[in-house]
Every structure is written in C-alpha cells, then in structure tokens.
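Trainee: Here's the letter readout for the chains.
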Amino acid sequence: MSEPLKRRILLPLLLISSVSMAGDLTAEQATQQADNGSAITMFVIFVVLTLGITLWSGRRTRSAADYYAAGGGITGFQNGLAIAGDYMSAASFLGISGLVYLSGFDGLIYSIGFLVGWPLILFMIAERLRNLGRFTFADVASFRLGQRQIRTLSAVGSLCVVALYLVAQMVGSGKLIQLLFGLPYHYAVVLVGFLMVLYVTIGGMLATTWVQIIKAILLLSGASFMALMVLIHVGFDMGDLFLKATQVHDKGIDIMAPGGLVSDPVSAISLGVALIFGTAGLPHILMRFFTVADAREARTSVFYATGLIGYFYILTFIIGFGAIVLVSTSSQFLDEAGALIGGNNMAAIHLSKAVGGDLLLGFISAVAFATILAVVSGLALAGASAVSHDLYANVFRPGASDEEEVRVSKITTVILGMVAIALGVLFEQQNIAFMVGLAFAIAASANFPVLLLSMYWQRLTTRGAMIGGWLGLMTAVSLVILGPIVWVQILGNERAIFPYQYPALFSVIVAFIGIWYFSVTDKSEAGAAEREKFDQQFVRSHTGLGAAQASDH
Amino acid sequence: MHSDIYQKIKDHPDFHRLVAKRKSFALNLSAIVLVMYFGFILLVAFAPGVLAQPVAQGSVTTWGIPIGVLIIITSFLLTGIYVKRANTEFDEENQRIISECLKG
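In order, the protein sequences belong to chains B and Z.
Numbering follows our numbering, with no gaps: position 333 of the first sequence is 333.
Numbering follows our numbering, with no gaps: position 47 of the second sequence is 47.
Calculated cross-link-like contacts (lysine to aspartate or glutamate; reagent style DMTMM-like; alpha-carbon spacing at most 20 Å):
| id | chain 1 | residue 1 | chain 2 | residue 2 |
| --- | --- | --- | --- | --- |
| 1 | Z | K10 | B | D535 |
| 2 | Z | K103 | Z | E92 |
| 3 | Z | K10 | Z | E92 |
| 4 | Z | K21 | Z | D91 |
| 5 | Z | K8 | B | D535 |
| 6 | B | K251 | B | D240 |
| 7 | B | K533 | Z | D4 |
| 8 | Z | K10 | B | E532 |
| 9 | B | K244 | B | D106 |
| 10 | Z | K103 | Z | D91 |
| 11 | Z | K21 | Z | E92 |
| 12 | Z | K10 | Z | E100 |
| 13 | Z | K23 | Z | E92 |
| 14 | Z | K23 | Z | D11 |
| 15 | Z | K8 | Z | E93 |
| 16 | Z | K10 | Z | D91 |
| 17 | B | K251 | B | D106 |
| 18 | Z | K21 | Z | E89 |
| 19 | Z | K21 | B | D535 |
| 20 | B | K533 | B | D522 |
| 21 | Z | K23 | Z | E93 |
| 22 | B | K533 | Z | D11 |
| 23 | Z | K8 | B | E532 |
| 24 | Z | K84 | B | D294 |
| 25 | Z | K23 | B | D535 |
| 26 | Z | K23 | Z | E89 |
| 27 | Z | K10 | Z | E93 |
None of these hints come from the bench; they were simulated from the model.
Isolated chain B, as found in the complex (with noise of 0.2 Å):
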C-alpha cells in the first residue's frame, strides 16, 4: 500500500474506533457510574492527539535509524522530558503516592533510591552510551565482543525487564480504568494493549517519544496542581500538613520515621543496589540515548530529567500526605471496612477528586491512563528492537534489510501486545510496585554489568562477559522465585527459600565476579582479540568520533 493511501485509510479509521469505543465507554459507565463523564472525554482527546502525532511521526519515519531512534533528531530538554516521562509510570505515580499514604516517610525513601541512579547514568555511561551505540544498549555491550552471543544476553535480559515492568503497568491500567470508568478490568488491559501497539507500529520511536513528552507534561502539570492545593488547604506549612496526618493516621507519629520498608541492612543495601544500577540497565531508558543528536545532548537530557524526576517525587511525597489528611477522613473514598476504594495505590486518584472535584478527577484519571500508554509503548519498543534489532538482524538473520528488521520489529510489537494483555490478565491482583523492583533487579544484574565492563574494562572478554551476564541474569530470576513475593505469595508456599525482598545485591555481584573471573582466565586468540580492540572503543567513547550521526530531515 502506497504511503498516502494508507494514511488516507488509516486516519478515519482510527479515528472512528477511538470514538466509537468512547461511546462504548460512555454506555459502559453510564450504568456504573455517573460522574466521570470528564474524565473519558479529556482521555479521548488524549488519545486522539497522540494518534494524530503518530500518523505524522509514521510519515516521517523510513529508515530504521527513524523507527528506532527517532532519527537522532530529539533535543536534550525533550528527550529530558521523554526519559522523565518513562520513568514517571503509573506504577510510580499511583504505587509511591500509595506507599505514603500508607507509611509515609518509606515511600521517601523508595524515591530516594529511584532517583540517584540518574546522576550516576550521567557521570559513568550517558556520554559513552551515546558515542557508542546506534539502536540498543547491547550496541554498547557488543561492540568489541561476540556479536551472537552478547546480544541474545542482552536481547534476553531486556525481554525479561520489559515483561515485568509491562504486567506492572498492565496491571495498574486494568485495576485504574475498572475503578474510574467502569470498564471491566479485561476489557481495560485490552485497550492499553491495542493503543499500544498501534503507536509503536505506525509511529516508531518518534511518536512514542511525543507521546511521552506530551504525557510528561500532563502528569506534572496534574501533579503540581494537586500538590498547590494540598499546600493551600494547610496555609504552605509544611509542618502543619505533617501534623494534621500524623493525627488522622493509623500509625500516627510513625509515618515520619523509617517504618517497615526496608527493616535490615542487606535488605536496604540490596533495594539500593536495584534501583541505582537497575536504572542504569533498564532497556527503553538506554534507548532513549540514541534519540538525540551527540553525547552533549545526551548529557543535557540526563540534566532535564534528574530535575523533573525529583521535582516529580517531592510532588508525590505531598500528594500522599496529603491524601492522609484529606482522603481518608472522608468516607466518600473509603469502603466499610475504612480502606480506600480500589485499593492504597488509588490515594493520588482520590486526592484529585478532594481538592479539585469531578473535572480534576477527570483530568488524573486520564493522565493516569495517558501514563500508563506512554509508559507502555516505550517499553513495548525497547523489547521489539531487542526481538529485531538484536535477535533477529544480528544473530539469526545478519545481514537483514532495514526494512525486513523493523518489519520483524512491528510483528514483535503486536507479539508482546498479546502477551501483556495475557500477562495483565494472569497478575490481576499483585502490588504494582513490587514487580517493578522485580524488574530493577533483572536489569541491575544482567544488563548492566556487562555494559558497565564492556565501556571501561580492558580485560573483558565475550566469555567472561556471557558466564557472568547470565549468571547474574540467572540468580536473580531464581531468588525473586525463591523470594517472600512469588514463593510465598503467588505459590503459597509458607516459606522464602530465600528471605530477602531485593535479590539485587547478592545477583550484582554473582555477575561482577562471574564476568572478572571468566575474563581473566581466558586465554583464547579471540579473548586477546577482542582486548585489542578496546583502544579504539576507548577513543571513540571519549571523543564520539565515528559516533552515529543525527539522520536529516
């Protein structure tokens, strides 16, 4: 089908469905419940927006440089905003607002964590990430190595974060859009699925990255209103906001101190370990480095994005002891038994509603929701060019056209679409929250020690990198497994093989050691080889000379 010819078709098209499953909605809700008529009307204007800039983006996206990287032609403060915005999921949105409503002072201490590892993604692999890759991290990793066999390690440890953090996302989407507007959970994790994949296989890396950027901008705005409020309703004294909660709270004076969280030092090492180098190996974060132009942008969207995300944590800290004071001394929001409706994660949702009314209400859910399609077309990129980029044009098929890649790349796209839904379906009534700190410590002990190594460590070699990379991979998969979460909770089972919460300390240095030892002791022509070539790895991580250039538009 010839390009304007299908975009004739596609247009109406689309925007007949999105309008017809309004009004879907609309008869849905109608029998349900009556007062969020705003906010399905402010998210069809979201979704129609974004489908809008994802025709435009598809137009303008040929080359595989195009769908994967946007064409390296994003700025620094987008791609700042882009990053912040994957990063500010739902999960984090509703799940750490959750947290404080229901601790406190943890759910500071849990941003905390989540933010640090942005200034050491700056200092120790922003820049070098940049000059190095094109598409994908495992670019980076391979990029002196065995090709096959450190992409399938990195393609594998994407796939395995990117399930993870989709069944969280997926997850908080059904349970969000059941409770605001009325839609069955089922019906809910099919419509993020189907968007999803719509914006990823029309509008490549360009529209998610403005669908991010757009979402981003919504949710802070959101936030910051919410937050202005709650500083109003207690004169801008800080003080007085945490006095009115620590007498309405269960817990009382203990939400200000460090509660249950993290109880035992290797517990609080090992969260640490997660979130800092987690960040720093999670896929469709890495990949957004290879959206703009050179390194110097790469550093400036590091600096944009540490900026909004902090700002965005100290807004959720006031949203949830806000949601203390004014939520859970009103019984509109809580069930007989004196819980929150739909849950703690639903704190931020209920505030909206308390100090803004129906439309603000509205106005949350539908960021909410454009979160969680933002968050989960990123992610839904990352794992497709890990399938296509990685797996299939470099291991199983090398040589492939640019065309045959992203043609694979949209096929995985609709694949994983399906399988978040089933997912989605098969997690219903886990904690949010928690699967993503299952996803940090994937990415914090297979993905990032061997990108960490491959940019500064001479000595490495494929072997080492691979016995390591997947032992790292490997002992994580098994001691959340094995864990208080899934071996307890999910398998009922009545005791943790293993007792600890975070595996990330103890599965980051299975990887550190298996990489140095494998390393060392090899002996071979290739291992040799593979150290010579790091000089001029070496040079070109500092200078970006023979980086991949920006594509002109």
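Given chain B's structure and the hints, the job is docking chain Z onto it.
Mentor: The following block gives chain Z in isolation, referenced to the frame of chain B:
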C-alpha cells in the same frame, strides 16, 4: 572511521589529560552521590532513630524529611555541575584534539 586517526588521538598527550580530568571529575561526583545515598539508606537500616528525631522541640517534622529532600536537590545540582563543565570545557578540548589530529 579509520584506525590511524584513533591511534593518533590516543597518542595525543592532551587526550590523556582530558580523559584523566574527566575521569576524576566523574568519579568524585559519583562518590558524593554514592556516599550520600548509601549513608542515608544505612542510616535507615541501622539507626532509624536518627532520622526520626524531630527537627525542633514539639514538632512532628523529623530530620528525615529535610535530609531526604536535600538528597533529591543535591542529586539534581550535581548533574548540573557535571553538564556545565562537560558541555563547555571538556567538549571544547575534545573538539580541539580531534581537529588537531585530523589536520596533521
């Protein structure tokens, strides 16, 4: 890109100076972040009572709150400090080394 230009850059004395300068700058800043964060999280694990101290007599606000917020703000400021120097001083020097090596 040809390997001889890489070799030329690698042999350029200013390149080594630049790499060393960038390395120590990045390492120092990373150390600040790591010490700050792990100091905080170990305090949470070993001595949660410290963070639970009220900032003033009779106040419910604990030291944990301003310390936590300060870590967030400091993280952001450190990225600003790094980007400022890397995007000006380091980039200029880098550009000069490259053009010198490309020329002769």
